[in-house]
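Going down the list, the protein sequences come from chains E and V.
Counting from 1 along the first sequence, just add 6 to a position and that's the residue number in this note's numbering.
Counting from 1 along the second sequence, just add 6 to a position and that's the residue number in this note's numbering.
Among these hints, one or two may not hold up.
To be verified - In silico SDA-like pairs for lysine to any residue, Cα to Cα no more than 25 Å straight-line: (1) K105(E) x F63(V); (2) K204(E) x P192(E); (3) K105(V) x K120(E); (4) K204(E) x S227(E); (5) K105(E) x S103(V); (6) K120(E) x G281(E); (7) K105(E) x P292(V); (8) K105(E) x Q212(V); (9) K204(E) x G281(E); (10) K105(V) x Y64(E); (11) K120(V) x F63(E); (12) K199(V) x G281(V); (13) K113(V) x Q155(V); (14) K105(V) x W143(E); (15) K105(E) x K120(V); (16) K105(E) x F243(V).
Claimed, not checked - Simulated restraints, written as ranges between beta carbons of each label pair: (17) E205(E) x P142(V): 15 to 25 Å; (18) G242(E) x E205(V): 22 to 32 Å; (19) P48(E) x N233(V): 29 to 39 Å.
Because the hints were derived from the structure by calculation, they are not lab data.
Remember, predicted model here, so these are calculated numbers, not experimental data.
Glycine included, each C-beta is placed from N, C-alpha and C at the ideal position.
Protein chains: 2
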Amino acid sequence: METLLRLLAGLGGARAAGEGPVSEPGSSPPALGIGMDSCVIPLRHGGLSLVQTTDFFYPLVEDPYMMGRIACANVLSDLYAMGITECDNMLMLLSVSQKMTDEEREKIMPLIIKGFRDAAEDGGTSVTGGQTVMNPWIIVGGVATVVCQPNEFIMPDNAVPGDVLVLTKPLGTQVAVTAHQWLDNPERWNKIKLVVSKEDVELAYQEAMFSMAMLNRTAASLMHTFNAHAATDITGFGILGHAQNLARQQRHEVSFVIHNLPIIAKMAAVSKACGNRSGLLQGTSPETSGGLLICLPREQAARFCAEIKSPKHGEGHQAWIIGIVEKGNQTARIIDKPRIIEGPAKLSAAQGGW
Amino acid sequence: METLLRLLAGLGGARAAGEGPVSEPGSSPPALGIGMDSCVIPLRHGGLSLVQTTDFFYPLVEDPYMMGRIACANVLSDLYAMGITECDNMLMLLSVSQKMTDEEREKIMPLIIKGFRDAAEDGGTSVTGGQTVMNPWIIVGGVATVVCQPNEFIMPDNAVPGDVLVLTKPLGTQVAVTAHQWLDNPERWNKIKLVVSKEDVELAYQEAMFSMAMLNRTAASLMHTFNAHAATDITGFGILGHAQNLARQQRHEVSFVIHNLPIIAKMAAVSKACGNRSGLLQGTSPETSGGLLICLPREQAARFCAEIKSPKHGEGHQAWIIGIVEKGNQTARIIDKPRIIEGPAKLSAAQGGW
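Chain E on its own, in the form it takes in the complex:
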């Protein structure tokens, strides 16, 4: 939930209501709300807050069932970024393409809906309504809403110097999806065929798909266990864009420095072969349903990364320490030559991640 916020901001006055941060002497008042992943609305009823978010976009994988799962994971991720693990209700937003035949529509749309609903069920919630229209393009998205007590969510504004930055999914989903499309485009494929095999690209695509479909719910739950100070999820602005947004929201005088970039295997090479135009190594490549970027106390970060891999949380979770929080002026940057962390070259698609 981000693009509209900028449009609204342009009109002046769009701010998520919520627990307004206390601005510190010498710092400008942080624009909490603009750029936040979810909006937080104090309710008329005893200390409760309404937290909700919406997201919708276009299919980017070929499998309609997985597309439904990804869309749902992407919507819920905005709640998870605030450490919220429950969702009271979901609505689904859909458009059916006019270009589809009746047969295609009847085959594909129920699979998208089933994927969305199954992911919602995995998140402990359900879809009770929504809206569908006809449109030139397919649209898939939704709305996630929860009513919370104050201890159920973590406002993303409390990072302090000395904290460590942790990321819970690898980067490179967009690059993997694009490279996969190039398999059918000889001219484009020629640009990257010296650095990757078709099998590499298939594997990266599978990994991206399962990574995007994975819920950030475990990460949200562990934010409480390990006393997270702030978090956001990585989507359209890339790791650097979202790190910058998060830095701007902080109450303390901090800046974020990213040293390591976990990237889906071979996608860094693909990006380089294309002259880095994707922005992957600069942290600006868009991601879909990416991981959480979490500010954790230094002594908790390694424990967080160990715990999330525990089999008790299901397969496929991983997390990396990617940077630090310094004293600074609400900015974020990636160091000159960040360390690229690539996953193992071989992984089981069925495993759903690294």
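Given the structure of chain E, go ahead and fit chain V onto it with the hints provided.
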């Protein structure tokens, strides 16, 4: 919020949680949820319910500011149909057309957003977030959410024989919008020019626009004052379609019979001149942001219609008694030759209604 419900229903199991109706001996259990205007979710917190709805569609009037207002009124209307007068939060859903130039985009989209926000403000709520994408067509819509105590909403399932049906906006919005488009299409215009003047069509279009932009909030409030038994709002399925949906949801053995059709001036004649293909006189012409159809105790209906016109509720409100509730089998119909109630031929557009 309706089309998706049918898609979800097709997959089995999509139901709004809520206060399940008690089915009576001999009647099939009503599918409360499917076809309801809003979903009602019991919360984990002391007796509260989450009520929410979403709607989005394509522009149908030329004035972007009014289009924003209409989209907002249309979303809120699903809450108002349940007698809910407050809304805790709105999200806005937008797509910007790729075919717009930068200049068009920068001129038009802020006006749509302003209209939406102004209508939200009139409804005592505000827009705190949303999502925007690029798309071949412009999309405008939103999400309305409220957390309610049980006495704040009226479940739409309690109509009894002897009740009276009241409608709070005239029908014919779609016909008026279409006729207005035909002003620029000589071939189409020839079909209707014998029954309407250009001025008639301009006036009908203005009236439709202001009617669609009007909030059903006053009607929602008066539902409590006059002890309404059930209500729905009139949108894409036309008056008959929504009356049938509402009839199916009733706990008692009832059917709805509609005798009168309030219609925007001259639009009945336009519809007849086109061979009744619009469905306006059959009650199947789609409406956008239509009125509430309310089941009221007989002794309250006339008082409701008088009260809504009171200047203390602002200008432009009106309501008509259009039919009755009989003992029956959860169906709705329009009598053979319904009485057409046309508004005064001249009305001030600034007044925003009849």
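Hint by hint, here is what the structure shows:
no., hint, in the structure
1, K105(E) x F63(V), "holds, 18 Å"
2, K204(E) x P192(E), "holds, 12 Å"
3, K105(V) x K120(E), "violated, 33 Å"
4, K204(E) x S227(E), "violated, 37 Å"
5, K105(E) x S103(V), "holds, 18 Å"
6, K120(E) x G281(E), "violated, 39 Å"
7, K105(E) x P292(V), "holds, 23 Å"
8, K105(E) x Q212(V), "violated, 34 Å"
9, K204(E) x G281(E), "holds, 20 Å"
10, K105(V) x Y64(E), "holds, 17 Å"
11, K120(V) x F63(E), "holds, 23 Å"
12, K199(V) x G281(V), "holds, 14 Å"
13, K113(V) x Q155(V), "violated, 41 Å"
14, K105(V) x W143(E), "holds, 14 Å"
15, K105(E) x K120(V), "violated, 33 Å"
16, K105(E) x F243(V), "holds, 24 Å"
17, E205(E) x P142(V): 15 to 25 Å, "violated, 36 Å"
18, G242(E) x E205(V): 22 to 32 Å, "violated, 49 Å"
19, P48(E) x N233(V): 29 to 39 Å, "holds, 32 Å"
Of the numbered hints given earlier, the model fails hints 3, 4, 6, 8, 13, 15, 17 and 18; all others are met.
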